[in-house]
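A.B. asks: Residues per chain are reported as follows:
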Amino acid sequence: MHIKNLKYIIIAFLLSFSLQLSADEIGDLLNDIEIKTDLSQKTQLENSGVSFIYTRDDIDRMQITNLKDILKSVYPVGYNENRFGVPDPFSSGSNHPFMSSQIRLYIDNQEITTGLFGSGLSILGDTNIDWVDHIEIYTQNPTYEYATEATITLIKLYTRSVAKDEGGKVKASTGSYGASFVNGYYTDYIDDWSYFVFSAFNNDKRKKYQSHESTLSRDRKGSLSVATLHKGKTNILLTVSNQKRDGFVDVSLDASPQKSTIDSQYLHIGIDTKIDNFSYLLTYSYFKMQTDMLDNVTPITAAPYYGTFPLQSVATSSDSMVLTGEVKYTLQATNNKLTTGLKYRTKRSTWENSKFNGISLIGYQPNDDKNIQNVLTAFVENQYFLQSNSILTTGIMYSQVSNAYSEQDDNLLMYRLGHTYTNDSLVFKTIYSHTLVPLEPYLINSATYLATPTRKYDPEHYDTILENIIYEKDTNKYELILDYTHIQNMFFPNLQGKIENYSQMITMYGANTRWTHNYNKYDKLFMELSYRKLSNLPIIDHYEIYSSVLRNVNTYKKFDIFNELIYNRDNFAKKDFFDYSLGVKYNYSRDFIVSLKGTNLFDKAKTTSYYRRSTTPPFTPETPLDISPIDRKVMLSMEYIF
Amino acid sequence: MIKKIILTLLLLFSVLNANDSLTLKLYEKVLTSIFHSQSIKVFVDSDTREILQQSNRFEIVDTCDKSVVVLVGKFSKLSEICKDKPLFSTDYRSFKHTPNSFGAYYWRKGRPQLTFKRRTLEKYHLSLPLALEKYVYE
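Line by line, the protein sequences are chains H and U. In this text, residue positions in the first sequence follow numbering that gives the first Met the number 0: the first is 0, and each later residue adds one. In this text, residue positions in the second sequence follow numbering that gives the first Met the number 0: the first is 0, and each later residue adds one.
Any given hint could be a false lead.
Distance condition first, Cα-Cα at most 25 Å in a straight line; then the derived DSS-like pairs of lysine-lysine [said to hold, decoys possible]: (1) U:K76 - H:K41; (2) U:K76 - H:K230; (3) U:K108 - H:K232; (4) U:K73 - H:K232; (5) H:K163 - U:K24; (6) H:K163 - U:K65; (7) U:K24 - H:K41; (8) U:K108 - H:K556; (9) U:K73 - H:K557.
By construction, these hints were calculated from the structure, which means they are not laboratory data.
Build the full structure now, drawing on both the sequences and the hints.
C.D. replies: Encoded structure:
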């Protein structure tokens with residue numbers, strides 16, 4: 000045989016051999032596609048500071064069912080609940096209903112916000128998120144592209160869609176304290192449109208605590224619906240929430256209310272679309288809240304209290320709405336990506352009822368039962384390729400915040416400058432940002448929450464510089480984050496619990512190291528060590544926090560096993576806190592899954608201090624209540640996919 | 000300089016589409032084993048074109064009459080000539096409701112799925128390797 004022909008035969012033989020399929024090859028390939036098809040690779044913001052990405056695979060195998068499951072280990076945000084039992088990571092234990100407005104929450108491209116409190120974290124922070132495909136969290140003022148208002152942390156929840164999840168799922172869970180949850184979704188096409196509909200009903204019973212003669216409860220009962228419609232680049236989002244909460248310690252002076260309830264109804268509807276280089280967005284949200292608190296104390300009628308203190312009863316009822324419109328333009332040139340936009344937001348709130356000890360706080364002055372805040376924002380952000388592996392990011396945002404019935408108007412100029420350098424295995428990110436945070440609408444003119452309501456409050460100033468170094472080699476990823484922040488005019492509660500502009504400059508610095516190791520395509524180890532110090536604080540002078548996270552996710556045959564240990568220590572509590580979670584998921588078939596998850600199994604998770612005082616003069620401080628926002632609990636779930 | 004930037008963007012693009020490379024590998028394995036050819040003439044839609052054009056196992060043709068197989072998501076807008084060709088779908092509903100669709104690769108229930116119709120395979124005298132038999136829907 001001719002040598003040339005022989006060569007062809009050998010090549011043809013080798014090629015035909017390469018086309019042979021082994022029995023498991025296609026199955027393995029489908030498994031690999033399932034694990035590695037991570038939609039965050041398409042949505043992740045580039046050059047946007049420090050990010051925490053939770054893929055569908057992470058969410059499934061870690062059995063993440065609500066945001067607090069992840070926020071508790073997200074540096075430097077963490078998870079905390081305020082005196083009302085509402086998710087509020089930046090709460091300092093004061094009576095304020097919400098202090099975390101700078102943590103902005105988005106579903107897909109639309110911000111979930113309320114006219115009173117700003118961030119939608121107060122609504123979705125502890126509700127079910129089984130409708131989510133993946134989660135992206137960006138800290139340290141990540142981008143102006145999404146921010147209509149000042150943003151320190153950006154949380155983006157991406158809904159599931161027909162592209163991956165055509166069909167439906169139902170899930171039922173039950174567990175500790177008699178808690179039960181039922182939810183389900185369905186996604187399909189109607190002509191050229193695709194839709195996704197999710198509904199959840201929760202009876203979230205939680206651990207009870209005793210304070211004096213009262214039983215403290217954070218139980219929550221209600222429903223949540225999330226629906227989307229997609230066609231091409233047009234997205235319509237509808238979110239409806241209806242919650243009845245027990246209000247925990249509420250504003251009770253001795254943290255022992257006889258009764259405390261918070262009922263709320265929330266609606267968000269919005270549309271966003273993209274035509275050529277232009278993006279458009281229009282959203283509307285409505286929030287209605289009723290609170291009721293009774294405490295067995297006797298108000299002091301003598302001066303200077305005149306029956307206003309301590310609080311025996313509080314009853315409020317409010318309506319608020321937010322209307323947001325924006326236009327963005329993106330220009331992509333050879334070595335530039337420029338995004339610019341104009342955004343307008345109007346927030347209107349009305350207090351129908353606001354009675355403290357039976358005395359109404361409204362009706363004394365014109366318009367003291369309402370507030371209108373308008374925010375007009377313009378921004379420009381540019382990414383410039385200095386070299387092929389060196390990107391300079393610059394951004395400037397100007398916000399004009401005006402309040403209709405108050406002198407509290409602010410003109411806010413914010414800016415950020417970043418540089419990203421990459422080579423084969425290393426990424427260096429350096430970011431400087433200047434952020435200004437004005438008062439949220441519920442605080443405007445508020446004699447209840449502000450020390451001097453008639454004075455104009457300066458916005459908080461945050462100046463942050465951070466360095467983020469990422470090194471990836473083989474199956475390992477190492478990350479170092481160093482940050483330094485100056486905070487001026489911080490809104491800080493004084494000894495009477497009312498907000499003042501804190502006169503001193505607070506300095507904050509932190510160091511964080513992370514290591515992710517993939518044993519193989521199924522098993523993953525994550526370890527994190529972090530340290531943070533805040534100086535020049537009132538009362539305690541400085542606050543030092545040490546924390547670490549150890550997380551292991553394994554798959555063995557039909558079982559997914561999840562282990563997580565979170566360690567916290569600070570110089571205030573001077574105690575070691577451990578939050579250990581264990582989850583086991585049994586995949587009986589591809590369509591029927593049984594899961595068991597225990598959270599805070601040692602019952603030693605980090606606690607929050609809720610102050611207590613005696614209810615008679617001189618209102619002596621009592622031992623505070625140290626209660627963790629993370630309950631010790633075990634949940635059993637079953638899900639069926641169809 | 001501009002070349003470098005373009006190269007970087009292309010590299011970034013290829014990294015971002017790491018998932019697509021696995022999908023391409025699946026198409027290569029499945030379709031070459033069914034059509035017994037090193038280079039298959041295929042008519043595709045824009046979504047699938049992005050993936051298949053990275054492979055030398057596929058020759059993308061402009062008209063259906065030149066193709067051996069049609070690989071698209073929706074069949075409704077195809078010409079009659081196209082509809083007579085063996086159709087491989089990337090959409091579950093198109094696969095289910097189109098008689099000439101012999102197979103499909105799509106996402107459903109949160110996972111990628113591969114399915115074939117026995118009757119349509121027989122109509123086009125296509126035979127499956129043993130490894131793909133378990134994906135046949137009778």
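A.B. asks: For the pair supplied as a hint, U:K76 and H:K41, is the alpha-carbon distance within the 25 Å limit?
C.D. replies: At roughly 28 Å apart (the allowed maximum being 25 Å), H:K41 and U:K76 break the hint.
A.B. asks: For U:K24 and H:K41, compute the direct alpha-carbon distance and say whether it is at most 25 Å.
C.D. replies: Given that 25 Å is the threshold and the Cα spacing comes to 20 Å, the pair holds.
A.B. asks: Please verify whether H:K163 and U:K65 have alpha carbons no more than 25 Å apart.
C.D. replies: 32 Å, violated
A.B. asks: Would the pair H:K163 and U:K24 pass a check requiring their Cα atoms to be no farther apart than 25 Å?
C.D. replies: 19 Å, holds
A.B. asks: For the pair supplied as a hint, U:K73 and H:K557, is the alpha-carbon distance within the 25 Å limit?
C.D. replies: 35 Å, violated
A.B. asks: Taking only the CA atoms, is the gap from U:K108 to H:K556 under or equal to 25 Å?
C.D. replies: This hinted pair holds, its Cα atoms lying about 20 Å apart.
A.B. asks: Mind checking the alpha carbons of U:K108 and H:K232 for me, to see if they're no more than 25 Å apart?
C.D. replies: 23 Å, holds
A.B. asks: Going straight from one Cα to the other, do U:K76 and H:K230 come out at no more than 25 Å?
C.D. replies: 17 Å, holds
A.B. asks: Is the Cα-Cα distance between U:K73 and H:K232 25 Å or less?
C.D. replies: 18 Å, holds
Comparing the model with each numbered hint stated earlier shows that hints 1, 6, 9 do not hold.
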